[in-house]
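There are 2 protein chains.
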Amino acid sequence: MIGIVIVTHGQLAEVLIDTAELIVGSRPEAMIAVSINITEDVDKLRGKVARAIKEVTRKRGTLILTDMFGGTPSNLSYSFLKEDQVEVVSGVNLPIVIKAINSRERMGLRELAESLESFGKRSISMASGILRGNKRG
Amino acid sequence: MIGIVIVTHGQLAEVLIDTAELIVGSRPEAMIAVSINITEDVDKLRGKVARAIKEVTRKRGTLILTDMFGGTPSNLSYSFLKEDQVEVVSGVNLPIVIKAINSRERMGLRELAESLESFGKRSISMASGILRGNKRG
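Read top to bottom, the protein sequences are chains D and L.
FYI, in the working numbering the residues of the first sequence are 1 to 137.
FYI, in the working numbering the residues of the second sequence are 1001 to 1137.
Any given hint could turn out to be false.
Listed below are the simulated SDA-like cross-link pairs for lysine to any residue, each with C-alpha atoms no more than 25 angstroms apart in a straight line [as the list claims (entries may be wrong)]:
hint : chain 1 : residue 1 : chain 2 : residue 2
1    : L       : K1048     : D       : R51
2    : D       : K54       : D       : S128
3    : D       : K82       : L       : R1122
4    : L       : K1082     : D       : S128
5    : L       : K1044     : D       : K54
6    : L       : K1048     : D       : E21
These are calculated hints, taken from the structure and not from any lab test.
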């Protein structure tokens, strides 16, 4: 099992987990939300992320999902990147969270992160483009 | 100004708007969250979406952002698709919401939806891929 930490501004991480729970039907284990208040001290925030990683990490590493490339939650998370132990995917949406829950037992950490990046991109679609049969990127 | 309705399971839409407000620094006008409780009656849910569209629509139409292709919030929203009046983009994440707020005054509705689909896909990235200089899709 790969641990998952979602790091975002405000309550977004917590609500993504609540919504995923609603859809998959049970509280996902080894999955934690970290809420970043950007007025807090950076060392304190880094400590919150470190504790969350420690709490969810099992044998196969930890995936961090963040809200937005370039934001404080992402920047903080990048400092924990470590080959085979911590990967970070930014731009989290609900399909990524659900796919992560459903895929993390049958993939390695890097494979999971790569697969979520690609799945996440495909999960964003303009309806009239689909209906008109346009190419989807 | 293009109106924006975010339609999701549970509290996700509301929290996306709260988080965007935190980042852009003010409450976005003509932007409403619709929370879908899938145990509610479909006609009642459709009425909630219809009222939200009516409330935010200005001269240039309404963009609906939904959480996940194939889910009830998306399926409900698709029934409101109307050329030049309502477009739907599914798979919403925080970068899409912020970009929508910042771009909607200088684009037409279809152009905005197309640009958000493409921007949203680029907003999802695996950090170690960026650091290694891999191609980003």
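### Hinted pair K1082(L) and S128(D), Cα distance within 25 angstroms
This hinted pair holds, its Cα atoms lying about 9 angstroms apart.
### Message
Would the hint linking K54(D) and S128(D) be met if the CA-CA limit is 25 angstroms?
### Response
Violated. K54(D) to S128(D) sits at ~44 angstroms, over the 25 angstroms cutoff.
### Query
Between K1048(L) and R51(D), is the straight-line Cα distance small enough, at 25 angstroms or below?
Not OK: K1048(L) and R51(D) at ~41 angstroms, beyond 25 angstroms, violated.
### Message
Can you confirm whether the C-alpha distance between K82(D) and R1122(L) stays at or below 25 angstroms?
### Response
Satisfied, since the Cα-Cα distance of roughly 23 angstroms is no more than 25 angstroms.
### Given pair status - E21(D), K1048(L), alpha carbons within 25 angstroms
Satisfied, since the Cα-Cα distance of roughly 24 angstroms is no more than 25 angstroms.
### Query
Hey, K1044(L) versus K54(D), does the alpha-carbon distance stay inside 25 angstroms?
violated (44 angstroms)
Taken one by one, the earlier hints fail for this structure at numbers 1, 2, 5, listed in ascending order.
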